[in-house]
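> As you go down the protein sequences, you meet chains L and U in turn.
Sequential numbering from 1 applies to the first sequence in the working numbering.
Sequential numbering from 1 applies to the second sequence in the working numbering.
All clues given are correct.
Since copy identity is lost for identical chains, a pair holds within one copy or between any two.
Derived lysine-lysine pairs resembling DSSO-like cross-links, with alpha carbons at most 30 Å apart: (1) Lys-230 with Lys-125; (2) Lys-197 with Lys-499; (3) Lys-125 with Lys-378.
Think of the hints as simulated: they come from the structure by calculation, not from any bench.
Keep in mind that this is a model prediction, so the values were computed, not measured.
The chain contents come next:
2 protein chains.
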Amino acid sequence: MTDQSEANPKLNRLKAICGEIYDLNTAAALLEWDQQVNMPPAAGQDRAMQIARLNLLAHQIETSTEYGELLEEMTSLRHQMPPESDDFCLLRVLQRNYLRALRIPDEYVEEFSRETGTAFNIWEKARAADDFAMFRPALERIFNLRRQYSEFFAPHDHIYDPLLEDFEPGLKTAEVLRIFAILREEQTALLQEIMAKTPPDSQILAGNFAADKQWLLTKESASLIGFDWKRGRLDKSTHPFTTTINLNDVRITTHIHENNLISALYSTIHECGHAIYEQGIAPELNRSPLGTGASLAIHESQSRLWENIVGRSRDFLTTFYPRIQTAFPETFNTVSLENFYRAINLVCPSLIRTESDEMTYNLHIMLRLELEIEVLEKRIAVSDLPDAWRSKMQNYLGITPNNDVDGVLQDVHWATGAIGYFPTYALGNLISAQIWQTASRDLPDLSQQLRNGNTVALRNWLHEKLYRHGSKFYPSELVQKITGSPIDPKPYLDYLKNKYREIYN
Amino acid sequence: MTDQSEANPKLNRLKAICGEIYDLNTAAALLEWDQQVNMPPAAGQDRAMQIARLNLLAHQIETSTEYGELLEEMTSLRHQMPPESDDFCLLRVLQRNYLRALRIPDEYVEEFSRETGTAFNIWEKARAADDFAMFRPALERIFNLRRQYSEFFAPHDHIYDPLLEDFEPGLKTAEVLRIFAILREEQTALLQEIMAKTPPDSQILAGNFAADKQWLLTKESASLIGFDWKRGRLDKSTHPFTTTINLNDVRITTHIHENNLISALYSTIHECGHAIYEQGIAPELNRSPLGTGASLAIHESQSRLWENIVGRSRDFLTTFYPRIQTAFPETFNTVSLENFYRAINLVCPSLIRTESDEMTYNLHIMLRLELEIEVLEKRIAVSDLPDAWRSKMQNYLGITPNNDVDGVLQDVHWATGAIGYFPTYALGNLISAQIWQTASRDLPDLSQQLRNGNTVALRNWLHEKLYRHGSKFYPSELVQKITGSPIDPKPYLDYLKNKYREIYN
Numbered sequence: 001m002t003d004q005s006e007a008n009p010k011l012n013r014l015k016a017i018c019g020e021i022y023d024l025n026t027a028a029a030l031l032e033w034d035q036q037v038n039m040p041p042a043a044g045q046d047r048a049m050q051i052a053r054l055n056l057l058a059h060q061i062e063t064s065t066e067y068g069e070l071l072e073e074m075t076s077l078r079h080q081m082p083p084e085s086d087d088f089c090l091l092r093v094l095q096r097n098y099l100r101a102l103r104i105p106d107e108y109v110e111e112f113s114r115e116t117g118t119a120f121n122i123w124e125k126a127r128a129a130d131d132f133a134m135f136r137p138a139l140e141r142i143f144n145l146r147r148q149y150s151e152f153f154a155p156h157d158h159i160y161d162p163l164l165e166d167f168e169p170g171l172k173t174a175e176v177l178r179i180f181a182i183l184r185e186e187q188t189a190l191l192q193e194i195m196a197k198t199p200p201d202s203q204i205l206a207g208n209f210a211a212d213k214q215w216l217l218t219k220e221s222a223s224l225i226g227f228d229w230k231r232g233r234l235d236k237s238t239h240p241f242t243t244t245i246n247l248n249d250v251r252i253t254t255h256i257h258e259n260n261l262i263s264a265l266y267s268t269i270h271e272c273g274h275a276i277y278e279q280g281i282a283p284e285l286n287r288s289p290l291g292t293g294a295s296l297a298i299h300e301s302q303s304r305l306w307e308n309i310v311g312r313s314r315d316f317l318t319t320f321y322p323r324i325q326t327a328f329p330e331t332f333n334t335v336s337l338e339n340f341y342r343a344i345n346l347v348c349p350s351l352i353r354t355e356s357d358e359m360t361y362n363l364h365i366m367l368r369l370e371l372e373i374e375v376l377e378k379r380i381a382v383s384d385l386p387d388a389w390r391s392k393m394q395n396y397l398g399i400t401p402n403n404d405v406d407g408v409l410q411d412v413h414w415a416t417g418a419i420g421y422f423p424t425y426a427l428g429n430l431i432s433a434q435i436w437q438t439a440s441r442d443l444p445d446l447s448q449q450l451r452n453g454n455t456v457a458l459r460n461w462l463h464e465k466l467y468r469h470g471s472k473f474y475p476s477e478l479v480q481k482i483t484g485s486p487i488d489p490k491p492y493l494d495y496l497k498n499k500y501r502e503i504y505n
Numbered sequence: 001m002t003d004q005s006e007a008n009p010k011l012n013r014l015k016a017i018c019g020e021i022y023d024l025n026t027a028a029a030l031l032e033w034d035q036q037v038n039m040p041p042a043a044g045q046d047r048a049m050q051i052a053r054l055n056l057l058a059h060q061i062e063t064s065t066e067y068g069e070l071l072e073e074m075t076s077l078r079h080q081m082p083p084e085s086d087d088f089c090l091l092r093v094l095q096r097n098y099l100r101a102l103r104i105p106d107e108y109v110e111e112f113s114r115e116t117g118t119a120f121n122i123w124e125k126a127r128a129a130d131d132f133a134m135f136r137p138a139l140e141r142i143f144n145l146r147r148q149y150s151e152f153f154a155p156h157d158h159i160y161d162p163l164l165e166d167f168e169p170g171l172k173t174a175e176v177l178r179i180f181a182i183l184r185e186e187q188t189a190l191l192q193e194i195m196a197k198t199p200p201d202s203q204i205l206a207g208n209f210a211a212d213k214q215w216l217l218t219k220e221s222a223s224l225i226g227f228d229w230k231r232g233r234l235d236k237s238t239h240p241f242t243t244t245i246n247l248n249d250v251r252i253t254t255h256i257h258e259n260n261l262i263s264a265l266y267s268t269i270h271e272c273g274h275a276i277y278e279q280g281i282a283p284e285l286n287r288s289p290l291g292t293g294a295s296l297a298i299h300e301s302q303s304r305l306w307e308n309i310v311g312r313s314r315d316f317l318t319t320f321y322p323r324i325q326t327a328f329p330e331t332f333n334t335v336s337l338e339n340f341y342r343a344i345n346l347v348c349p350s351l352i353r354t355e356s357d358e359m360t361y362n363l364h365i366m367l368r369l370e371l372e373i374e375v376l377e378k379r380i381a382v383s384d385l386p387d388a389w390r391s392k393m394q395n396y397l398g399i400t401p402n403n404d405v406d407g408v409l410q411d412v413h414w415a416t417g418a419i420g421y422f423p424t425y426a427l428g429n430l431i432s433a434q435i436w437q438t439a440s441r442d443l444p445d446l447s448q449q450l451r452n453g454n455t456v457a458l459r460n461w462l463h464e465k466l467y468r469h470g471s472k473f474y475p476s477e478l479v480q481k482i483t484g485s486p487i488d489p490k491p492y493l494d495y496l497k498n499k500y501r502e503i504y505n
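Kindly generate the complete structure, drawing on both the sequences and the hints.
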């Protein structure tokens, strides 16, 4: 980021402070990555304290007088800067974050970080033991802390707004509920229509897939998507995730189950979508608050675009499926590409969100959003969550988990305090279809390229339109810039209708 | 650490600040560990900046007015505390470190940390390419920075004193040179005596040792020494090392070469010796500056005790060697324990310090100490190091490396700025023999226990005498407390004479 800084030592100083905050935050990110990938079991409590401390130090710098004064002075000069320059965008983001950070007391930051660090370890144990009661007290503390957090931003239109704002700047709960109402109606109707048809045969996907061969194939799929191995790595963890230590060190994880190849492959492609977005951010934004994806929904639009719209398409499979056949000939040599394509696009209500198909995924999200709001508003207690989960699952998807591992304990999010996060998954689905629609218009031979295993043109287009900007622009601005429209559920619903009516005749 | 703190909020505050420093330092330790074990290749420069920042922040806190005032006030109360209490010892260490840190400007800390981070990456590349010229500019900067560092402590008796003091509190260069003079004379004479005899047959150790089987055997050897897997992990890196993220997360690394089993095994046992020392520190010292080993020489005494005095003894091999035979029957089924024992204790001047035997190890150290002092005193230039290395190697060991990979580029230490570190290796050898002599007196059935594969009694004895104290006591105090004498080369020389005259008849 060069724009104004040579001329302005105060702006340089401000950026240096951002660098300090960046280093503390990314050190914490590495501690967290390590916690999920490498950390020995007895170190959980210590690690939680270490992460909490780094978060607190970052928060203290971010709310310091020096930083506040520099920021105020520089913000007053912002109107002199070119509106889309790095510096202009940086100051806008810093100002927004600063005003938010000021509302949050140091003690809260430390307590939240420590509680979530501890809760993560408890969640892991509770999940292993299928024992929600073990996790309940920690989860109650987290919901209390999140309620407290919302109150720092009072008055608000909705208790959920300040939580959502952390993940999706500028988005209001009312807007999410409006979009979800449309989705709920149309997607539920479509699901019913589809479920009445004969499903494709997914038994052809059954087999025993040796972990070491799966591992090689997940690496191959990451390479095919365009993951830059010089600037990232792939590991294993219970719950796949992506983390950025810096723009030259973007890490993804996957999980491998010997009885399920599809899970490892598509989890990897999903995380790869996140990673190549981060790896594609302009190098001059590295180590600055702009050097990360614009929001979770924008991020998810990229993971879902590569995982589903590309990864589960006939075009992409034209190249990818033969590699799968080569790795596991005993299972797939007798299975045609067309049958494989239909099988991996089976619509089947399932208990686990991360394994769910495109048709039902958003319904999982609605369930979580409703539960989060109900607990926050104290309409139900944390202790009611397992039952409420079961009843909503039955309601939306017609199935009920037999245990809490497949129910309320399945996701890591609440354990890490990430309440307000789930809606971004569904919004990501919608945005992915909007962006895909635009890309397909701009790149007339995209379909042919993907059939040839060539992902470069699409990646370059995304790089130009989206990746390189990091978080210079707000999510709503980006969606508008790229697609010419605000977030809109119609392209996604159209995509679902076209794809699944064809597969299900 | 409970002693006084309930009664004294200022002492609590001081400890809380120590916690901040600890968290920054250990976050940096994890970033460094990750750099050597996991980091993608393009991230070196970014990582160096991140580590530099954390080191700088820690240094700023450690030299802050609040910290200084609290420390001064608490130090004035120290005489009221029981002399060996945790608080008494903590204040003593803090005071010493504070007075040292005050002399070092922030800019120096940042520059040193950044330069060494960068130099590490350059060293790795230079080593891979056997290209000392590539490394030379970085090494010159490091020696310049170290000279500058010594000057912060002027006046000093010796330019090397302030560097040595960082690793070995209280030890003077003059004392090291005095001890080394004795060693040089006696150890060189002993080496000549031994080299005139017929060597044991070490060809019996040759073979091809599959990496995965070696990996399992290194883990088994770590378990046998008593490594606590719940509170640590083992990984692979170019140069084996131990790092402590906290007392519940102590990590060791090893390296595996398919043509050399002994290297992996004894590197692992060596690092294990470091690790069980750290894992044995009293839990109440965790996350405090006392929660680490007393000094590098004391640390090395433990790694060398387990690696050599225990690990390469007939007693230990009575249990351990059958496991080696089970893992690699094709190589060892026809080799007797006695022949294996003699082979792994072959005296053979070698180019690589870490692979060198007990008889020649200290000579490698003398070489490095002399070169460090000569460069610091500008009696030779950094560009002269490769030649100077070759000539001293010929002088001490009668061999000359054909390339710099086996010469001046072999060790990571200078790349990380650790000048002043090497003498602690030789001192560690001496102390290991002093401690072993005492342990053998206190534990009359030690020999029998080791023959039974029982390492608990020795570990418990070490825990009681040494491990649990962390760095409550200065190295010289500890050696005196445990052995009743100051650092003394005689027990080590006696150990060498007894052991090698017997092996070599």
